[in-house]
Each structure stands twice: as structure tokens, then as C-alpha cells.
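Q: Here is how the chains run, residue by residue.
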Amino acid sequence: MSNIPDHTGALTCGLRDFFAAADGRGLAQAYARIAAAGATPPPPADWDETEYAFNRLFVGPGPLAAPPYSSVYLDPEPRLMGRSTSLTRAVLQAVGLESTWIGSIPDDHVAVELDAALALRNIAATTGPGPGGELAALRRYFVAGHMARWVPRFADRVLGQLSLPGPIVTATRKLELWLEAELAALPPDAGAAPARDIPQPSTGGDYA
Amino acid sequence: MSGWDRTRMERTLENGVTRRGFLKGLALTGAAAAAPCLLLRALSADANQRFGEGYQVFRNACPRNCYDTCSIKSYVKDGAVRFVEGAPESTYTHGGLCVKGNSYVRYAYSPDRIKYPMVQDGRGTGRWKRISWDEAMDRIAKKILELKQQDGSLLGLALTKYSGNFGITNYGVEGLMSSLGYTTRLVGTPCWPAGIDAQNFDMGNMWCNDPEDMTQSRYIIIWGANPAWCSVHSMKYIYAAREAGAKIVVVDPVLTQTAAKADEFWQVVPGSDGALALGMCRHLLDLGLHDAGWLKANALGFDAFAAYLRENVTVEWAAKTSGVPAERIRAVAEEFARAKPATIWIGYGMQRHVNGGASVRAIDALVAMTGNIGKVGGGARYGHLQTWGFNYHAMIRKPPEGSKGFVGAAGPKGEFDFAQGGAAVKYTDRALNINKTAQEILDAKDPAVRMLWVSCKNVLSQDFDRNKLLQAFKKLELVVVADHFFNQTVEQADIVLPVTTLFEEWTVNVSYWHYWLSLNEQAVKPLFESKSNIEIAAALSKRLNELAPGSCTFPTQLDTREWMEKEFNKKVYELFGIQSWEDLRKGPVKARMPQAAWSDLKFGTPSKKYEFTSDLCAKNGNNALPVYVEGRKPYDKLRLLTPHSKFNIHSQFQNLDWMMGFNPAPVVYVHPAAAAERAIKDGDTVRVFNKTGEVRLTARLTANVARDTLLMYEGWYKGLAFNCQNLVDDTPADMGKFKTGAPGVAIHDQFADLVRA
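Keeping their order, the protein sequence lines are chains Y and X. The numbering of the first sequence is our numbering, which starts it at 12 and goes up by one. The numbering of the second sequence is our numbering, which starts it at 105 and goes up by one.
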């Protein structure tokens, strides 16, 4: 589905649910949503190994192999509830929204950010870019200036792990493709640099 | 705004006013557009007002096992702690924190924090699944009820808890156990018990002067402590004393950072401290520099002590035993006796020996015979619990009606067992020695220990003989661990429960060293699904009472702030000169006590005097007099020391990325001569081994340790298997059982050898 935007939001929702899943059942259901939005390899018969691996990567209780939070990748200090978390919260607040997890799970969890991107797209579709292009600018900032700066690094961290169960590989690759499509679907902006050309922060601790 | 200049956009977003006006005029349909977005909802009005505003300031207190127990100010913005600083209102904390305290934001917001209740499919496999709190409580409750049904009591359930969180409400963990009935408790303390008993025998309590009075000391001996790393706030008083003319002497087996700052450093043979102190006493006796007037008025048994010294102790013997030159022993003893007031800071390291209690008594005797007890700037400083007079509302709980338990003698359950001395009861908890946790679990019968609750403690990093501990864990049918991070004990757990950090719970803290009281406010919502220990207790009680009404007396619902309030009482308010706990919101307050312990010279001993001759000590299996007791015979070629590092408190903090950045891996310090004998070069990987086990790590060559000594700092490093307890056995110290329920451990009486790996 490279560069084909997720018009219906089905893939976005499937990816959101996958990365927000609390157990193997949730992973299986989310994987089915991802599959429904486009071709995927068949799911495993037993989701236990996927759940164990998912927790090693994203949940714990051990140190996370790939923390799913933007602040870990973008902020000078690779921790939770950092500046990037606040910026994601601010993006949501600018359009009158907030995370249902606010205060307990950082707002910049990849699942919340996928929902935020979907909401921004839907708002733009309803209201247009705004009188001065503000909404378009906000959306472009969030997708190209924020998510595009960390999601690829997050995906690299995931895919750099050995012996990953197939659904996690598939979901992560779909996430990469989703981002490419979302970037391609942004309205043109003459003054913008390509998102991937934005310099990466020089610091980032052991999660960088 | 045209374009999407990132920096400009972020500035807009970070400014609450401009952000709110940014999309003004646009008919937003955010809530409707977010219909498929299950993780989003319409913004609450007050949230939009709050975001981006100034910092809220909260009061916190470091609850770790540390002398300094720092009073902290936490700055919260957008619902997250942004930075911390030492509270300036406390003259002790004085606006500064140590390297660990300064890392607290990283601690609370580490991506590695335990986030959810989780269950491990096979202990040690790393196959973890999330479970809900309800499911976790259900599993635990059913196991507890199964034990009770099968054994007829809950002695098959053991609690091991120690110093990971000293916030007073966290004694609710013990309260939970008492609410269940009579359980098995791992009692005692690996930290300081021999010295506690020693000071109780000598003076009737452990009670140190206010550390802030060291500015008035004319002579300070720091004996087996390293405050430059482990009590950084005390150093300013030591420096101030020196600036006023005091001399600073450090006695330590290692050239520590504190030793490096001293005027004189004695690299003492480990375990010979008693001989050294007694040699000093003998010299003062010979010169008549003891304070005869003070001794006559305030001491019991000095004549017997003097006779012992004359018959058994010489300065030359002390020098030979301790490795300190006789002329320096004489000189420093004279200086100490003549410089009034003079004080000795007795560190916890020097009592972690088979003769540790006896050594503390010998040092106490040196301070007492020079008349320095009860004086500002004087004192034999070890620690105190004078300011700990809380209600222990969370801890003191009644068992359910009809509970059955252990029939036998009950003793103290550690030094913080403030529930001692109640009415006679038919049953008690079963006490096992915390310092022999592995062997005690292996040996426990009728009933066996089948379930272990671990809280505020990292058993597999801190308890002794790790290999034996792993065997003991195999006997356990259920291990529940409540913690912040995935440490070596969580690795061996069946169920892990996420607990709140200091920023996420209400409690109150005092120190075992300084005299300050600090409020700990909940500054932010608990991250993820973490709960405080008392909330966990309430949740478990709720499920137990659903399954078996009346099976747990712990309340099933509670307000953590109210429970913090319930810890206060009139005496606490009077001691600290406050009307209400709310006064602490303005900052920490200091106890209104004399700066000098025992200033009225009314000691807590049976004779009400300082007891050189202690019948109580003799009754507890030791010598009545503070005599020299031989150290442990070496069982391998080199002595092994495993003291505290600058970067951690036991197994806490070292796993954080800041600490791993500065101190990425453990090393063993080896004297160049010992290394040369083994063809070991600086940076080589070595295998350090003894009869208990082995570790592999990097060798660092330094003359800061003696030729026959190895040193590796204790600690739990993220992602590393290193564990110094592989090399530390559970041989007991000579004292500790009297006041803490179990003797201490001879942590520094260990021996080992090493080879290049």
C-alpha cells in the first residue's frame, strides 16, 4: 500500500489497536483489522509468543527494547513525559481533544499519536486548512515535523531485534508504510523541507 | 501561519495563550472528527486552562535508605514533574541533592519502569503477560486462602521487606500481613544491627547528635563511613569544622573520597577497629587523659574497663593488629582527648564483621572515657530513631478473628518495629532471620514457606549467598514482588505489581541521621497502573473479603492522603513545633530537641549511666565489657569488600541511564602487587571466586585498597548479571538480635581470590 493514504482510517485504527493491545487476544483482533485494511501474512495459531515478544519490546516489566514514546527518541533526555509528550498533548488540545489515558500513559505513545494523526486528517477533511492554513500547518507539523522524526527510528529499533514474531514485524512495517503514505497525502507546502531531511537531535541517550 | 516551520510551531504550541488563539475562528469539529479515535476525547475545559501555565511546586522527601533523607521541592508542569531541587528551608538539605536525588525525574519517568501488574509464565523465563489488577488480586487472594485452608494458618506466607521505601505509610505492607493473620516474617536488618545493639548496651539506645552540630566539633574521626559519597550533605559541616580549626581523621580500609579529604587517613586492617580503639583507650589511660570527673558521675564499670585495658591491651598490639603505626595511635588519641568537644562518626561498614558490635562498643568507650558523650560537637554518632514517633496506623492492624499462628517467643521484627510491647497474645508471627533468608526458607517446616511477598526489597541482589537463594526460591509456589524496576528479584517472580514513586503517593519521612521532618505530597497522578503499597493492600483485602468475608481486616478502600494524616499525633506535632501536618507544605521542619544526644546524661541503660560493664550485653551472649573480639579467620587469599557506591543506594538508581552512562559496569579494585602476582593487568576481565560463588568483571588496579584486599561496589546494573552476593555468605555478626530480631551479617568478613578470565 506504499504511498496510498489510509482514506478510511481502518489501517490507522488497526495499527493503533495493535500497539495499544493489552494481551494476545487484543493483538490478534488488531492484527485482523490490519489485515482487513490490506494484505498481511497469515496470523500465528498461538499468540502467546507474540504477546511475550510484544511485552519485551513495548511494555515490560523488563527494560524496553523499543519504547513506543516519542520523547524517548526526540528529547535531549530519553525519558517519558518529556517535552515531546507535552507537544503531542498541545497538538491535541489545539483541536479540542485529549488522550483518554492522560496523566497515566504518556500522550506520545504511538497508539495515541496514530489516533491524533487520524483526528487531524478528519478535521482537515471537514473544515479545510483554516483561514490562514493554520490547521494544515498543524497537521503537517505533527505528521512531518513530529511523527516522521521518531517513528522510523522506533521502527528501526523494533525491526533490529532478533527472532521477532511475524505479526510484530508486519505491524511495524505497516506503520512505516502508513507514515510514508500519510506524508505523501499531506497538502503541498512550498516552504517546507522534506520531513526526512530535518536534522535529528544530536543527543538521545541510550535510546537514541 | 503558512508553512510548518517546526521551531515556530513548537513555540506556538508551548505557549498556552497563543495556542488557544492559534485556531481561533476555525469551526473545529474535533470531537466529531475524533469519533473513530478510541484513545481521544473532547478536551475538558479546565485542562485547557491549566496547560502551559506556570509550575506547581510540591513537597517531597527522598524515601531511600540514606542518611540524608533529603527534603525535596518538585516542580510540576502539564501534569509531569519537570525538575527537582533540595528544599532550601532545611538547613541540612540546604537546597541541594546528591547525584541520586538529582536523577529522580529520570527515575520516575524511566521507560523501564514497571507499568502494569504482570504474570510470568515460568519463573525466570522472561515470558510475561499483562494482567489486570483484579486478576492479580484474585490470583494472590486465592493462593492465600489455599494456604490458610491447607495449613490451618498463614505461616506459609512470608513477607520480606526492608528499606526500599521508608515513607511511613509504606509500613502498610506489614499492616497487610497483620490484617491477614499470623504470617512468617523475615526479620532483622542487613544494615546496622550490630551497632544498634552495641549502642543500646552502652547507652540504652542508639541516639546520635544532630549532624549540624559537627560545625562545633574540634576533632572529628570518621570511622568506617564515606559521607563524601553516602551523606553528601553532612560534608559541609565537616568542612566548616575544619575551617574553624578542627582536625579530620578518617579510619577506613579504603582510601575513600572522604579519606582523600581528611587531614589524616588510617588504612586500617578490616575488622581490627576494636583493637585500634582499645589501643587509643589504653594510651589515654596511661597518660591520665580520661575524663575522670565525667566517668565518676556518669559511667558504670570504668574501673573494670581500665583493668581490662591494663591487662590485655597495649598500643603496640593495637598497632600490629590494625596496621596503624603506634606513634600515630598515640598522637591521635592525645589530640582527640585534648580537643573538646571531639566526636566519632561510626559508620555502618565497620560493624559488618563477626566482631562488629564489639568494635562499636570499643569506639563508644573511647568517646565516653574522654567525656564527649552528651556534648554539642561531641558524641559517638551512629544513628537515631528519636523522631520516628508516628502512629504507624498503616502498620498496626489486628488479625482476623480466630487466626492461628506461631506459638513461641516473639521478638522485634527489625529496628523499625514500633508495634513491640503489646498485650500478651496466644499466637505470634513466625520470625525467620532476614540475613539468612535462603537457609531459613529452605529449612522452614510445619508449615513450609510456600508463598513470598517481596516489597521495598531486592532479595536477589541484596540478600546473601545468591546461589542458595535461587535454590530457596524453587521451594516457593508463588512469589509476588512489588517494585519500580525489573531487578533480579522480579526476574524470579511469578507476579509483579507496579508501585508508585515518591511523586505519586502521599506519605511522610524522617531520617535516622538528621532531625528534620518532611512531607511527601502526591505531585502527579500515578504513571501507568502503579499503586501505592497501601492501595495494593486495600485492593487485596477487597478481593479476599469477596472470596472469604472476614479473611482480611485491612480496609478495602482508603484515601492515601487521609492515611498519611493518620500517621501524625500530638507528640509529633509538639516535637516539631507545628500545629498540623499542613504546616509542612511550607517546608520541612526540624525537631525541637537538644543538638546533643544524651545531653541530660540520663542514659537508657538499666543503671541509667553509660555502661562500660553491661550485664544486658552479657545476657545477650556477648562480653559485659567492650573487649577485643577476634575477627573472622580468612578462608581465602584476599579480603573482599562490597561497600556502597556513589551512584546507587543498594540496588536502586544504578540501573538508570544517567548512572549507567557514568558507571556502565562493575569493576573489582585490586592492588597492583596482588595483580602482578596473578599476571593481571588493568582492564583485564577477571574471575573472582570463593566458596560461595563467583563473578566475572573488569579489574582496576589501584593502591587505594590494601595489598590483600579486593573491592567491588554493590549494585544492580541494568542488563548485567553482576551480583556481588555471589561471593558473600551469611555468616552472622556478633550482635543485632537484641534490638532488631536477628544478628547482622559479616558482609565485610568475606574472602576470595581472582584469576584472569
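Check the hints yourself; a few may be wrong.
Cβ pair distances, simulated, as ranges [claimed, not checked]:
no.	chain 1	residue 1	chain 2	residue 2	range
1	Y	D167	X	P768	22 to 32 Å
2	Y	D167	X	R800	43 to 53 Å
3	Y	L173	X	E686	52 to 62 Å
4	X	Q661	Y	S174	43 to 53 Å
5	X	S236	Y	S174	23 to 33 Å
6	X	G725	Y	P87	14 to 24 Å
7	X	G226	Y	G171	46 to 56 Å
8	Y	D167	X	K675	57 to 67 Å
9	X	E798	Y	S174	22 to 32 Å
Coverage of chain X stretches by chain Y, computed from C-beta distances (three or more under 8 Å per stretch; other residues unrestricted) [said to hold, decoys possible]:
no.	segment
10	394 to 407
11	630 to 644
12	717 to 729
Honestly, the hints are just simulated from the structure, not real lab data. Note that the structure is predicted; figures quoted are calculated from it, not measured. Yeah, the Cβ is synthetic: ideal placement off N, Cα and C, and Gly gets one too.
Q: Could you run down the list of hints and mark each one as holding or not?
A: Results for each hint:
1. Taking 22 to 32 Å as the suggested C-beta distance range, the pair D167(Y) and P768(X) conforms, at roughly 23 Å.
2. In this structure the supplied range 43 to 53 Å is violated for D167(Y) paired with R800(X), their Cβ-Cβ distance being about 32 Å.
3. For L173(Y) and E686(X), the Cβ-Cβ distance of about 55 Å falls inside the hinted range of 52 to 62 Å, so the restraint holds.
4. Here the CB-CB span from Q661(X) to S174(Y) is close to 45 Å, well matched to the stated 43 to 53 Å.
5. Between S236(X) and S174(Y) the CB atoms are about 29 Å apart, so this pair conforms to the stated range of 23 to 33 Å.
6. Taken as a hint, the range 14 to 24 Å is violated for the pair G725(X) and P87(Y), whose Cβ atoms sit roughly 58 Å apart.
7. For G226(X) paired with G171(Y), a C-beta distance near 26 Å fails the hint of 46 to 56 Å.
8. Hint check: D167(Y) to K675(X), Cβ distance near 60 Å, so the stated range 57 to 67 Å holds.
9. Under the hint 22 to 32 Å, the C-beta atoms of E798(X) and S174(Y), about 30 Å apart, fit the expected range.
10. Coverage of the segment 394 to 407 of chain X by chain Y is violated. Counting CB-CB distances below 8 Å, 0 residues qualify, and the rule asks for three or more.
11. Chain Y is given as covering the segment 630 to 644 of chain X, and this holds because 4 residues of the stretch bring a CB closer than 8 Å to a CB of that chain, at least three being needed.
12. Counting residues of the segment 717 to 729 of chain X whose beta carbon lies closer than 8 Å to any beta carbon of chain Y gives 0, which falls short of the minimum of three for the stated coverage.
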